[in-house]
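Make a model of the complete structure from these sequences and hints.
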Amino acid sequence: MASSTAPSRQARISGQHHSPSQTPLQLPAPGQAPDLLLSELAAGQSATIRSLAVEPGLRHRLQALGLHRGQRVQLLRRGWWAGPLHLRIGMTEMMLRRVDAARVGIDNVVVTG
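Each position in the sequence shown, counted from 1, maps to that position plus 12 in my numbering.
Since the hints were made in silico from the structure, they are not lab data.
Only a predicted model underlies this, so the values are computations on that prediction, with no experimental measurement involved.
Where is the CB? At the ideal position from N, CA and C, for every residue including glycine.
Any given hint could turn out to be false.
Here are the in silico distance ranges between beta carbons for each label pair [stated by the list, open to error]: (1) 62 with 104: 16 to 22 Å; (2) 68 with 122: 27 to 33 Å; (3) 89 with 68: 17 to 23 Å; (4) 70 with 95: 15 to 21 Å; (5) 109 with 48: 24 to 30 Å; (6) 48 with 106: 18 to 24 Å; (7) 63 with 105: 30 to 36 Å; (8) 124 with 68: 30 to 36 Å; (9) 70 with 123: 26 to 32 Å; (10) 120 with 93: 17 to 23 Å; (11) 121 with 75: 17 to 23 Å; (12) 105 with 82: 15 to 21 Å.
Here it is in structure tokens:
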């Protein structure tokens, strides 16, 4: 017999179940402009990280790599189709999935040479 606190099999399959560790997307306050997203950055541009709207596990991993609020990040290149983004954060280069980059808010975008 299934536990009353466990989600139904149908809810898990349909994606309607959200585990407690998932953090909902943080929307801007009313009247505040929405963040630009890291996934929208063009190759050769850099920006400042404004927000990380990711689950705690991914947040910890990204922060350990230097991707945290106030840090400058440069987009070196974009993968084909929906491929990963090649980023430079300080002295660290990393690849980040676009779906994860779409949860990172940025501002102060500049073209780097």
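Report task. Mind listing which of the numbered hints don't hold for this structure, in increasing order? Result -> 3, 5, 7, 10
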